[in-house]
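Starting from the given sequences, assemble the full structure and let the hints guide the process.
Residues 89 to 339 in the numbering used here are what the sequence shown lists, from first letter to last.
It is worth saying that the hints were derived from the structure and are not from the lab. Among these hints, one or two may not hold up.
Calculated cross-link-like contacts (lysine to aspartate or glutamate; reagent style EDC-like; alpha-carbon spacing at most 20 angstroms) [stated by the list, open to error]:
#1 181 - 151
#2 218 - 187
#3 181 - 142
#4 181 - 170
#5 301 - 224
#6 336 - 269
#7 218 - 192
#8 218 - 313
#9 218 - 151
#10 218 - 154
#11 121 - 154
#12 301 - 269
#13 121 - 187
#14 301 - 313
#15 181 - 154
Simulated restraints, written as ranges between beta carbons of each label pair [claimed, not checked]:
#16 194 - 163: 35 to 45 angstroms
#17 267 - 220: 36 to 46 angstroms
#18 194 - 255: 15 to 25 angstroms
#19 245 - 218: 17 to 27 angstroms
#20 194 - 335: 50 to 60 angstroms
#21 172 - 251: 47 to 57 angstroms
#22 250 - 160: 18 to 28 angstroms
#23 253 - 183: 41 to 51 angstroms
#24 160 - 259: 17 to 27 angstroms
#25 300 - 169: 36 to 46 angstroms
#26 190 - 331: 48 to 58 angstroms
#27 288 - 217: 19 to 29 angstroms
In this text, a Cβ means the ideal position worked out from N, Cα and C, and glycines have one as well.
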Amino acid sequence: CEFRGVERKPTDTTFLAQTNEDRDEMTKRILSKITLVDMSEGAAGPYAATVLGDMGANVIKVERPEGDWLRTGGKHRAASGDSTHFIAINRNKRDIGLDMRHRDAMSVMQRLVSRADVVLSNYRPGVMEKLGLGYERCRNLNPAIVYCTISGFGQEGPYAQLPASDTVMQAISGIMQTIGESSGPPLRVAFPLVDISAANYAVQAILLALYAKLSGQGESGANIDVSLMSAALSLMNMGFADYLAEGKPAG
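Okay, structure coming up:
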């Protein structure tokens, strides 16, 4: 195949290098005017907040007095005594320990929410409402708030209150059926695949909500609901398409 009339110029690698540096600097500061209150624990919520922190957001992590349970999870410890997994997905954050049972805790949270752009949590449905920090309450404090919850099965429905984990979601969604030998037992993906996927979906939704605010295309704020179940099912969409076409399960 011969191309005619097209002038080919050698690649200017210096220009590309400068562009990459500029892009790195832009990524660090692009969300520098955004404040996020991170009330999540474990993997999915904290990782989502960390990714936004990588983009420059001012992330304030609010922990129970006992701390995020992942601090003591996993097999490996850093010099501080915290789990290496906790450190890996909680960078770029400032941290505050807050006992919501204390009479002054709510006033602290109200100040944080009123000054924030985003509130992120991954407690079971209903917990944030019990704490006095449900969407409606936060919206009253800050009408422009982008409120994002990550849960196992969503905020409503027959499974909403059931406990959920990455392993459970890999099993229910059929992901385990596709791992390992076809003649062998189902196997779990060794890292928290579903948690990380849900976190990335949460990041996408938050960024879209912030863009909608900036461009005037939507309401002043947003109420975002991301479930681990939906994230797991989205990873299996090609397997489900195979099943619908051929009647055979993936694997």
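Verification of the supplied hints:
no.	hint	in the structure
1	181 - 151	holds, 12 angstroms
2	218 - 187	holds, 14 angstroms
3	181 - 142	holds, 10 angstroms
4	181 - 170	holds, 15 angstroms
5	301 - 224	holds, 18 angstroms
6	336 - 269	holds, 16 angstroms
7	218 - 192	holds, 16 angstroms
8	218 - 313	holds, 18 angstroms
9	218 - 151	holds, 16 angstroms
10	218 - 154	holds, 19 angstroms
11	121 - 154	violated, 30 angstroms
12	301 - 269	violated, 48 angstroms
13	121 - 187	violated, 28 angstroms
14	301 - 313	holds, 18 angstroms
15	181 - 154	holds, 18 angstroms
16	194 - 163: 35 to 45 angstroms	holds, 37 angstroms
17	267 - 220: 36 to 46 angstroms	holds, 42 angstroms
18	194 - 255: 15 to 25 angstroms	violated, 35 angstroms
19	245 - 218: 17 to 27 angstroms	holds, 19 angstroms
20	194 - 335: 50 to 60 angstroms	holds, 55 angstroms
21	172 - 251: 47 to 57 angstroms	violated, 25 angstroms
22	250 - 160: 18 to 28 angstroms	holds, 24 angstroms
23	253 - 183: 41 to 51 angstroms	violated, 24 angstroms
24	160 - 259: 17 to 27 angstroms	holds, 25 angstroms
25	300 - 169: 36 to 46 angstroms	holds, 42 angstroms
26	190 - 331: 48 to 58 angstroms	holds, 52 angstroms
27	288 - 217: 19 to 29 angstroms	holds, 26 angstroms
Taken one by one, the earlier hints fail for this structure at numbers 11, 12, 13, 18, 21, 23, listed in ascending order.
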